[in-house]
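S.K.: With the hints as your guide, set chain B onto chain A.
Number of protein chains: 2
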Amino acid sequence: MYVIVVYDVNVEFVNKVRIFLKQYLNWVQNSVFEGELTEAEYNKIMSHLEKIIKKSNGHILCYIVRDKKYLKIDEIGTPKSEITNFL
Amino acid sequence: MYVIVVYDVNVEFVNKVRIFLKQYLNWVQNSVFEGELTEAEYNKIMSHLEKIIKKSNGHILCYIVRDKKYLKIDEIGTPKSEITNFL
Numbered sequence: 001m002y003v004i005v006v007y008d009v010n011v012e013f014v015n016k017v018r019i020f021l022k023q024y025l026n027w028v029q030n031s032v033f034e035g036e037l038t039e040a041e042y043n044k045i046m047s048h049l050e051k052i053i054k055k056s057n058g059h060i061l062c063y064i065v066r067d068k069k070y071l072k073i074d075e076i077g078t079p080k081s082e083i084t085n086f087l
Numbered sequence: 001m002y003v004i005v006v007y008d009v010n011v012e013f014v015n016k017v018r019i020f021l022k023q024y025l026n027w028v029q030n031s032v033f034e035g036e037l038t039e040a041e042y043n044k045i046m047s048h049l050e051k052i053i054k055k056s057n058g059h060i061l062c063y064i065v066r067d068k069k070y071l072k073i074d075e076i077g078t079p080k081s082e083i084t085n086f087l
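Respectively, the protein sequence lines represent chains A and B. Just so you know, the first sequence maps onto residues 1 to 87 in UniProt numbering. Just so you know, the second sequence maps onto residues 1 to 87 in UniProt numbering.
If we strip away everything but chain A, and leave its shape as in the complex, we get (with noise of 0.2 Å):
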């Protein structure tokens, strides 16, 4: 599966989330990730993120596709250099 994760949390859990799905997914914009992630994996993240959220009143929405054939990206601009150094 392929999945992308965006996430607006306050400002002391940003650098958690960040960490944390750095460990399994790319960091591809301020608040976004994106990978093919296992079904494990997947809920591995979820139920850290939920445990997150909860303390923080963030909000994190995933977009899953089975496959990232059925996924068409495009780009404009190039992202931020904190993004491209932390890669």
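Hints are computed from structural coordinates only; laboratory data are not their basis. Misleading hints may appear alongside valid ones.
Only pairs whose alpha carbons sit at most 25 Å apart, straight line, appear in this in silico SDA-like list of lysine to any residue [to be verified]: (1) A:Lys69 to B:Glu75; (2) B:Lys68 to A:Arg66; (3) A:Lys69 to B:Gly35; (4) B:Lys54 to A:Asp74; (5) B:Lys68 to A:Asp67; (6) A:Lys80 to B:Phe20; (7) A:Lys51 to B:Glu36; (8) B:Lys72 to A:Thr38; (9) A:Lys69 to B:Val65; (10) B:Lys16 to A:Lys51; (11) A:Lys72 to B:Glu41; (12) A:Lys80 to B:Ser56; (13) A:Lys80 to B:Lys72; (14) A:Lys55 to B:Met46; (15) A:Lys68 to B:Asp74; (16) A:Lys51 to B:Val65; (17) B:Lys80 to A:Lys68; (18) B:Lys68 to A:Glu41; (19) B:Lys22 to A:Ile64; (20) B:Lys16 to A:Asp67; (21) A:Lys16 to B:Lys54; (22) B:Lys80 to A:Lys69; (23) A:Lys68 to B:Lys55; (24) B:Lys68 to A:Thr38; (25) B:Lys55 to A:Ile73; (26) A:Lys72 to B:Lys69; (27) A:Lys68 to B:Glu75; (28) A:Lys80 to B:Met46.
A few chain A residues that face chain B, going by a derived Cβ cut-off under 7 Å, partial list only [said to hold, decoys possible]: (29) Val6; (30) Asn10; (31) Ile64; (32) Tyr70; (33) Leu71; (34) Ile73; (35) Ile76; (36) Pro79.
Partial selection, computed: residues in chain B whose CB lies under 7 Å from chain A [to be verified]: (37) Ile4; (38) Asp8; (39) Asn10; (40) Asn30.
It should be emphasised that the depicted structure is a prediction, and the values quoted were computed from it without experimental measurement. We put the beta carbon where it would ideally sit given N, CA and C, even for glycine.
M.R.: Structure of chain B alone, referenced to chain A:
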């Protein structure tokens, strides 16, 4: 086609992008819009956003699926109030 637009633009362009996208898509998170578009609407949005990005060295990603049936959306938490009030 179902489209998810995520954007990272300089602060002076944020409202411009938001007001523009609101004409076509649903605002679901801080810098995230989603919704159904025709090919013509999508092309119109992209050419407009390209002009904004050239001025603001921002970054936009568009995730497109031909049909929403290929997409599963999971949500944790609730969007911030300024989003629900803006709707």
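S.K.: Run every hint past the structure and note whether it holds.
M.R.: Hints and how they fare:
| no. | hint | verdict |
| --- | --- | --- |
| 1 | A:Lys69 to B:Glu75 | holds (23 Å) |
| 2 | B:Lys68 to A:Arg66 | holds (12 Å) |
| 3 | A:Lys69 to B:Gly35 | holds (20 Å) |
| 4 | B:Lys54 to A:Asp74 | holds (16 Å) |
| 5 | B:Lys68 to A:Asp67 | holds (14 Å) |
| 6 | A:Lys80 to B:Phe20 | holds (22 Å) |
| 7 | A:Lys51 to B:Glu36 | violated (32 Å) |
| 8 | B:Lys72 to A:Thr38 | holds (15 Å) |
| 9 | A:Lys69 to B:Val65 | holds (9 Å) |
| 10 | B:Lys16 to A:Lys51 | violated (34 Å) |
| 11 | A:Lys72 to B:Glu41 | holds (16 Å) |
| 12 | A:Lys80 to B:Ser56 | holds (12 Å) |
| 13 | A:Lys80 to B:Lys72 | violated (28 Å) |
| 14 | A:Lys55 to B:Met46 | violated (37 Å) |
| 15 | A:Lys68 to B:Asp74 | holds (17 Å) |
| 16 | A:Lys51 to B:Val65 | violated (30 Å) |
| 17 | B:Lys80 to A:Lys68 | violated (30 Å) |
| 18 | B:Lys68 to A:Glu41 | holds (24 Å) |
| 19 | B:Lys22 to A:Ile64 | holds (23 Å) |
| 20 | B:Lys16 to A:Asp67 | violated (34 Å) |
| 21 | A:Lys16 to B:Lys54 | violated (32 Å) |
| 22 | B:Lys80 to A:Lys69 | violated (32 Å) |
| 23 | A:Lys68 to B:Lys55 | violated (32 Å) |
| 24 | B:Lys68 to A:Thr38 | holds (21 Å) |
| 25 | B:Lys55 to A:Ile73 | holds (22 Å) |
| 26 | A:Lys72 to B:Lys69 | holds (15 Å) |
| 27 | A:Lys68 to B:Glu75 | holds (20 Å) |
| 28 | A:Lys80 to B:Met46 | holds (20 Å) |
| 29 | Val6 | holds (5 Å) |
| 30 | Asn10 | violated (10 Å) |
| 31 | Ile64 | holds (4 Å) |
| 32 | Tyr70 | holds (4 Å) |
| 33 | Leu71 | holds (6 Å) |
| 34 | Ile73 | holds (6 Å) |
| 35 | Ile76 | holds (4 Å) |
| 36 | Pro79 | holds (5 Å) |
| 37 | Ile4 | holds (6 Å) |
| 38 | Asp8 | holds (5 Å) |
| 39 | Asn10 | violated (10 Å) |
| 40 | Asn30 | holds (5 Å) |
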